[in-house]
Structures are given as structure tokens and as C-alpha cells.
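Asks: Residue numbers (our numbering), protein chains in the order written: chain A, 239 to 1029; chain B, 8 to 177; chain C, 498 to 787.
Since the hints were derived computationally from the structure, they do not count as laboratory data. Glycine included, every Cβ here is placed at the ideal spot set by N, Cα and C. A couple of the hints might just be wrong.
As the list claims (entries may be wrong) - Per the computed footprint, the stretches of chain C lying under chain B, defined by three or more beta-carbons under 8 Å from a beta-carbon of chain B, are: (1) 504-514; (2) 530-541; (3) 544-558; (4) 639-647; (5) 686-699; (6) 717-728.
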Amino acid sequence: MTAIAAERYTGASIKRSEDPRILTGTGRYVDDIKLPGMLHAAFVRSPMAHARVLSVDVSAARALPGVVAVLTGAELEAMTVPGPDALMALMGWTGPTPEFTLLATDKVRLVGDPVAVVIAESRYIAEDGCELVEVEYDDLPPVVDAAFALDPGSPPLFANLGDNIARTHSRHEFGDVAGTFADSDRVVDCHIDVHRHQNVPMEGRACVASYDAGSGVMTMHAATQSVHVTRIAVAMRLGMEQDKVRVVAGDIGGSFGLKIGASREELAVAAASRHIGRPVKWVEDRGENLTASGQAREESFDVRAAVSHDGDLLGLDVKMVVDTGAYPGMGAMVPDIMEAMLPGPYKLAALGFESTGAITNKATYVAYRGPWASETFVRERVLDLIAKDLGLDPVEIRLRNVAPRTDPPAVMVTGRPLAGVTSKESLERVAELVDFPAFRRRQAEARAQGRYLGIGVATFIEAAPGPRAPEGPSGPMGMESMRLQLTEDGIVALFTGQMPHGQSHQTTLAQIAADEFGVPFEQVRVVVGDSDVVPFGLTGGSRSATMTGGVALHGARQLKAKVLDFAAHLMEASAQDLLITDGNVWVRGDPASAIAVTEVAQRAASGHFGADVDATLEVEATFDGGEGGWSGGTHCAIVDVDAETGIVKVERYVAVEDCGALINPAVVEGQIRGGVAQGIGAVLLERSAYGEDGTFQSATFMDYLMPTACDVPRIEIEHLETVPLDADVNFRGVGEGGMIVAPPTIVNAVEDALSPFGVRIHEQHLPPARILELIAEADPGQRLGPTALVD
Amino acid sequence: MADITLRVNGATRTGSPEARKTLADFLRDDLSLTGTHVGCEHGVCGACTVIVDGRAVRSCLMLAVQAAGSEVTTVEGLAPDGGHGGHGGHEGLGPLQQAMWDSHSFQCGFCTPGFVMQATAFLGDHPDASEQQIREALSGNICRCTGYQSIIDGVLLAAQRNRQEATGNA
Amino acid sequence: MKLPVVEYEAPTTVAEAVGLLAEHGDEASVLAGGQSLIPLLALRLARPEVLIDINGIDELAGVSAANGHVAIGAMTREYVAEESGTVADTLPLLAAALPLIGHEAIRSRGTIGGSLAHADPAAELPAVARALDAEFVVRGPSGTRVIPAAQWFEGYLTTSRRPDELLAEVRFPAARPDTGVSFEEVARRHGDFAIVGLAASLVLSGGVISDARLAFAGVSDVPVRAAAAEDLLAGERPSAELFDEAARRATTDLDPPADLHGSSDYRKTVAAAVVRRGLRAAADNARERQ
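Construct the entire structure; sequences and hints are all you get.
Replies: Here you go:
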């Protein structure tokens, strides 16, 4: 498979280097940081969803002992540079661009919109100060659902836009849509909703901004997925030169897409630090995190499917509306990815896709683990709905529709080749692992006793990073950089812009480099988290296994070559006769010749060599992803639905997956299980709920319910043998897959459990009350909603 | 403000916290024991779990002044022999922590100290707990990264090793 | 979510506590276990001027049985009651309910009195107290009052304790022999407050039910006795049909609140299921205990 020099670590569940500090409470998260003179920030936040701000009176707050400063939105505008959201700019957004101030000035646009910031000696006092700030609001009609937002009569949230369109309507067609639908045996119509839910990392957003007037340097201690993107965002907004901003990050308590760039609050805190001349810490509390940090997934889909009598899914025509919330974020960009991914690993011949984005008085739609995941939800739901109509079983219909693996590979109707995709194998393996006939017998027996068991499957692929694009890597996300150095102490140091927040990069990248270079695992150090030191990078998009694993592999190889060239001089041998194993350099066939890598490093650092000897044992490596590849698989869930109370238990969960070559199986499995847990949470427990007037109803953990150890079963994971595409780098990403495919897996299982009632499910959130409603609403004679039969 | 004296990780500590200051904040800010994490401040997530007078408690739901005269153990205080007292550090991994390391129990680490303390308290009282009992005992601690299985495995492994060592020493 | 400024008192005797309550009245909150009050303070939903911390009043803790009653001091920790042999032997309904309260760490600090004085209608202990007709002993400046459970719970988070009174003790009748109990609860997750819960106790003697006591959690702003269902069950033999009818009678007149977890109708439907299951479990428990 992957050709690594000495596969001692790669592929093994090496214990994590992160764990000794994690397990002993000696990790360093932002809230653990204490700087001399440090102050604490708290934000005054709007209790209204939509209102004009008539006045902000901070005098009482300023007078409170212990309060050092109170900055209003207007004051912050004066000390910052207006501009578009940095992340949107980085990603090249050219659609509607709302103009707004860093903190709210003339109006507030969601419950929790920050209006002023109080800086005090302690967070306790800062919150006391917030209560003393008096804001006069003038109510405006709230825009709380996308339908109203898209109505030209809705009050525009942003004056410069004049309407509430976050993303202008567009339609694209791939293949012959009209023809495919005209020629199909039937057309199936349905509407599918995905509900609003959110990242909820255990550590919220947090930063310590420390401006040093003497040097003019702003140091941000951040919780971020990229120190460089945060640096760019801070520099832009504060009108500072890029190299005057330094972002450092230690341990980060999860993110799942939330902590990218810098939020409005973090920028305000940076500006405040510069203004006051002292470090300022802001750690959002759980209420802020749930209310204002951002939410995701609120999308609705009108779906038409062109189907043959035998269950071929010939074409899809999808109209999507995404509720992007109040301020700009990833929501407006997500339809593009969804459109590209909708066909999945199937033989879909035609796709019509249109989308609109709506601005509403709710939290901003931010990236949440697999932001495009609803494409899998819609597709896998529709396949099941079709299967039920035609009396096909869920594995059967997928096997029928999955594209066979050919050479050259089949190409998705949206353009990407399905190189190396093992969806068929994953479906077959699931069918082996889960005895469907035995389950059906058990299901029938249970039904006779009034118990409702159900089984569901769903298949997905994700571009982790995706197959090699003909036009090559593009933009800052395309190419991965790494600096590798053999330090004076003989340590192989990897400097990467990756910013792990649970991904275990300090372990996995060291495994690869140790194997490739030839030193023990303990002799490799992965350096992250300082924008002055590491090259550009971002952890996200399930790219790091391939991109960073690949650059570590190739970089280690390049560094080794350099080291051997140098060692050749020391050992008076030819570089091609030298090996490095176990931390020693030696001449092939002559073990007695061995000298420690450490010694080679010391000699390089301390000796004087002629111009023809390169003793700088350092390389700057880049990697474009090689042949890239897809990750994917099939998941299967068995659920037990209590039809009297609506409570659903996940009895069994099986994940058959292909993420290429595994660097560290325990790390891979952890990522999958965490994603599946979030999927279970999304379906059964989690909803970011708003009232009709825009009040936020899920601002505590009593209302926003997180899955616990009693909600997530043992998840059986099987890794498929992968199809290698690249000579060296066949690691593929796995970070987002669990969260992408688990929701349809669970929903499919619940619908199967409730099929005796004739239930058909067109939504993702199934709390107990909804289960009972679905049972009550179902008419056993009815099938897939309005169905247009086309002859 | 009241002057309080308490024992934390085997050492006598004093402070003058405001009455409204939680034990969690007192440990973190006044005593610089930042191993105890704050995840929700309303007693649901369990990240702040410490052991007070032998019982696991949510330190965000206690006032610091209420801990006067008590014995408090935080994650930093789990000694290599698994008892309470001593100081943490990379050499100082107790048997539960070691088993969790071996089991890849955690990812981002933010929930970890709460789980370690809750599991320590639970295993102390229920050394032969079943998986289901362990799941229920830990269902008041929220982890967003792992899906819990690896954490449960770590606890089961620790319990199994404790039993093996006990029979070995018998 | 930091607590607001508040004065703090830590009396060491009941008399001292009552004195402070008399002084501050409804500007004071009593701090017992803190598992309900501290979150309210952190959310700044509760804004007392003074916290009267009664954790230092040793005389308020303890479980003692005498004359067919069990007196539980208000400061008795939930975990202590859970581990109490006296409770296990004489108050099986309380013993059944205690493990359902939150999680172990909550029960490390939470108290019997605190939970009952807080009176969350979705909590387990109010339903138990209502089912067993517990008596609430309050101490005030003018002396001691004993308030039966039917009069203790007045409204949402509201009891008939006057601002200058301290709940000192709760008295439960010891269970008769032949008693079977259950606490049946439907909750979103293990340890959550009940969507609907039922504290059920009945005597099963010679196969015939008597002294049926059913109290709901989560169907109103207070725990609710299902009196009509109790009347139906008296003198009857357990059967699925009987329990179905009991469920109908218990829920017909309910008008539960709607919230994020479900509509009023949803709670009624769940309440009926909980009655059927709870009665089955209580009858089984009675047979097991015989």
C-alpha cells in the first residue's frame, strides 16, 4: 500500500503524546492563561431579535468600581477598520455582502447581538457592569423564517442590501435534466427539512488579546483552527500590518468548524486591548456559545426524483433554501459544495440544483463538521422513500444505484471522478456484518409484542481531500506546507500550520515522520500554534490526513536526503549507501559504522564546513495532495422506538468505512465515533430553537440537549481495504464523515421502525413528541407525499 | 469576603474569595489549579467535577466559601498510586489515567479532568461496576469529541487492572 | 455566567437561621445543596440580597424512624438518603426515586429539604412527597408549623413556606407491609427531569389493591395526585384492563404545560403510558417484596 521507509508506527494505534498533559490537567487552554495586568471582558447583548438601537448609556457601568473601560459599538468603529468578514473574503465570496459594524450600533439583528463590551478586573465585575449598561431599543418586526426573509415585504436586516437575500438565487444543471425526468417511469416529489443545531465544543470561543504599545505587536492567545487565518482577520480589522499580529494557540477544547478566523467579539477584545494598553481576556460562557457563537444546518429542500420502476435513481432536481442567520458566514457558500456532492457515489445521470440563501434574525450559520452534510441526508432519505414505494430493501436499492468501480473511474454528473470509491464494498460488508434476515425476523416478533425495532443504512462519500483536480491545487487550501528541521538536539521537528483541537496531529504526524526518517517516535516533535513560527495552514475540511500526512511524509524524505548528504561527508561514504534506522545513521552492511542522528545534528550545528557542504538540516516542503482520494462508507443503525412515548434508543450501530491507509486506527475510530455521536444528537436531542418573535429558547444545557454516554451505543467499526491511488500518500481524511452519514442512518432506521404505521419522514429532528405526531399523522394508505406519476 | 482555609490536594490552602465566587473559579483563579475546567456554569456538563470530602461534586455548583474546612482533590492531585494527594505531572499518572491513555480515551481534552474525577470517585465505590453502570455513572459528564466508548473502555480497563492487581497481591 | 453580588450568612443553628429569615424575609434565599439555586444565580434569574447558607446547621441532617414515621432532616444529602438502610427498609418509594435524581455528583450535594423547598414540579421528590402525604415541618419566629404535602405545593416553584420560615424536616409515613412501589419516568436522557413521572405506591394484600397512591411529576405547576385513578384501584385486582382504565382516569382532566420537549397533548399521552407501566411495576414490586 503506502510505501513508507519503515512502517513501525504508521498504521498502529500509537499512544498519544498529547495525553499525559490532558489526563493530568496540565494542558493549556485559553482560560488557563494569566498575564500580568490582564483584564476580563463581557458583552452587553441584545435581548431583542430585531430592533433599532436608540441609545446606549454606559455611564453607570463605567462608574462601577473594578470596571476599567466600557466600549460601545460606535467607539469600536472609530478604532477599527470596517470590512468584510475575513473568512468570506479569504474564500472569495462575491455574493451579497452586508455592511455592518463590529458591535451593533444602529441596530441589533439577533438575540445576543453584542452592543457594548465591558472590561473589568474580573469577569464577575464585567458581568455586573453589563447589567448597568442601559440600552434603548425600538422593536422591529422580526424575520424568523426563511420564507418571510425571502418575501420582498420583509424588513431588510441590512440597509445596504435592501432585502434579506444572503445568496442570490441560482440554478445549475448537470446532464439532461428535462430529458431524464421526461423519460423516467415516475417522478417522486417531496419536501425535506433539516433543523438548526450547532457545534457546541466543550470549550467555547475564547481569546486573550495582548497589545504591546512599545513594539506595536498584538499577540492573540486564541482558540482557533488556524493561527494564520486568525492573524489575517485581526490584522485586517485592526488596520495593522500582518507581521505585527502574532497568534498563538495551545490546547483547544474542540471546535468542529466554529473557531475559524476571528469572531466579532474577539476582534472587539483585540481592539479593546490596544485601546487600554493591557491584556484582555474573553471566554464566552455557555449561554453566549449557544445563543450567539453561530449555528448550522437550517436548510430546506424541495426534491424531485426521476426514478425507474426498478428503482434506478436517474435524476434529481433540488431547490434549496439555506437560513443563513443574521451575519455573514459559511451558510451562503454551502450550497455550492452540496450541489457538487449530491450525486454521491451513485450513477445519477442528471442533476438540477437551485439555491437561495435567506438572512434572518438568528445566529449566523457557521461551518459545522461536514457543512454540506445535508446532501447526504437528502439523497439517502430519498433513496429510502423510493425503496419503500417500490418494495426494495435499502441495501438492494443502493447496490443497484451505486456506480461500479471502473478504470477510468466513473465521473459524478457534477464532474468529479469517483476514483477508488469502495461504496459497493461497504454496502456488501454491512450486509455481512448485520444479518438483515435475522433482524427482520426479530423485528416481526417484536412488532407482535408492540415493540418497534427498525434498521437503517446510509452510504456516503466525502472529498477528503477528493481526487486530484485536473487544474491542480488552488488557493490557500490547495497546497500544504511544512518546514522540517533536524534540530541541534537531534530532534526531527515538524512545523505545521495545522492547529489540532482533538485531531491528535502531534501524534499522527510524528508517526509518519518517524517512520519515513528513521528515528524513534519520541525523537519527533510536531510544532503548532504560533503564527510567527509555522507556515500557513488550517485544520478543517478533513484534509489533514492527506495534505499534512503527505507533506510530512515527503518532507521527512527530503530532510532525510539532506541529512544523509551531510552525513556522507562525516562518514566518508556515499549518501546512497547510508541508512537511518532507529535514530542511527549507518553504512549499509556495516552496523559498526553507526553514529547517532543526534551526533550528526550536533556536528552540523557546531562544525565549520566548506561551501560545498550543506549543513543546514532543514527543508521547506509542500504537497499538493498527490492523487488525493475519497473517504466514505456505509453506516447501519438498529433502533428501538417506543411508540407510546416516542423515546428512541439506538440499539446497535455499525460503521464500515474506507479512509484510505490508516495512520493511527484508534485516532480514526475516535473521529468516527465522535461524528456519529453528533449525528445521534442531531436527530434525537439537539435543536437550536427560536420562538416566533426571535427569542432564543435553547440557551442552556437544560434546553439544548447533548448526547451522553447513555445515548451513544458501542459503535462497531470496520475498515475496508482501500484502493491505493498514490504511490506514497493514501491517507484520507475521516474527521467529518461520521457526522455526515449518521443522521440519515438513524432517520432511516426510525422510519423503518415506524413503517407499520405508514410513517414517512421528511425531516431530521425526531424528538419523542415528534415521533408520536408522525404516528398520529400517518395514514397507512399514504406513501411518499404528493406523487406525480409520469408515464 | 471571608477568609477560608481548606485542604486541596493534600496541602493547606487559604484564600479570601467573595461569597459569590464558585469553588471552580476559586480553584482556577485563586489557587491557579487550572486543571479543573468550566464548561457550562450551570451544573450540567460535569467538566468542573472535583472530589470534596470523598464525594464527586460539580465545583461550579458550590461556593468557594462552602468548601472551608473540606478536603478537596482536583485532577492535579491524583497521585501515581491512584490515591489523593501529591502533585500531577507527566510522571504522575495514576492507574485510571494510565488506562485512559492506553485506551485513547480522549481527544481535545477539555472534558477530561471532569471524567477522570467522576470515574475516580465512582470506581472507588463501585470497583466491579458493569459497562452499563459505568455509562450511567458517567452520563452526567458531556464529551463532544469521542462518543464515549473510548472513555468507557478506559474505565473498564482501569477496573480490570485494579482487580488483577488485587488478586495478584492477595 | 457569574453569580451576582450577594450578601452571605452562614448560621450554625436553626434559631440563627430563622432570625436571619425574619430579618430579611423575601430578600433572602436559603442555600441548601445549591444544585438548583446556584444555577439560577449563575443565570442571574434569582436575585436575592442575602444567601442564608444552612449547610453548617448540623441539627438539620439525619434520618430517624419512630412511631411508623420517618423524619428526614432538611439538610440530609440525597446520597445519604440513597445509602440509608432506614430509607431502603421503610420508604421504598423514596428509595426508588432517589437514583433518578440527576447524577451522582448532584446527589452528593443536593438535599431532601432543598429539593422539596424548591418544588420543581418535574422533579422526583415532590411527587414522592405528594404521593405519601408527607408532612413538612417548618420553623419560624412564631414557632413550628406542620404542613401536609397537599398544602405545601402551591404553584410553580412556590410552596406555602413563609419567607421567615425554614423547612427543617420532612416526615414520611413508613410503608406498610405488602406495599409495592415504582417511580416510572419518561425523560429525554438518563438523569434528566421527567417529561412525565409517576410516583406509585400501593398495598397488594391477598391479590387485592388498597391504599393506592399515585402522584405525577411534570404534568402541572405542582405534583398532582391522581385521585380518580386511586379510587378506581381500591379493592380491585391488578389487570391490564384495570390499569388502562386507571390511566384514562388519571389523565382525562390533565392540562399539562407545553414546552420545548412536547405539547400538552404529548404529555397527556405519555402520562397515560407512565400510569400503565408504573402500576404494572408497583404491582410486580409488591409481589417481589412479599
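Asks: Each of the hints needs a verdict: does it hold here or not?
Replies: Each hint tested on the structure:
Closer than 8 Å: that is the beta-carbon criterion, and the region 504-514 of chain C has 3 residues meeting it against chain B, so the requirement of 3 holds. Given a C-beta distance limit of less than 8 Å, the hint that chain B covers the region 530-541 of chain C holds, as 7 residues qualify and 3 suffice. Three residues within the 8 Å Cβ limit are the bar, and the region 544-558 of chain C against chain B gives 3, so the coverage statement holds. Counting residues of the region 639-647 of chain C whose C-beta sits closer than 8 Å to any C-beta of chain B gives 0, which falls short of three, so the coverage hint is violated.
Remark: the region 686-699 of chain C is confirmed as covered by chain B, as 3 of its residues place a Cβ nearer than 8 Å to a Cβ of that chain, reaching the required three. Coverage of a stretch by a chain is defined here by at least three residues with a beta carbon nearer than 8 Å to that chain's beta carbons; for the region 717-728 of chain C and chain B the count is 0, and the condition is violated.
Comparing the model with each numbered hint stated earlier shows that hints 4, 6 do not hold.
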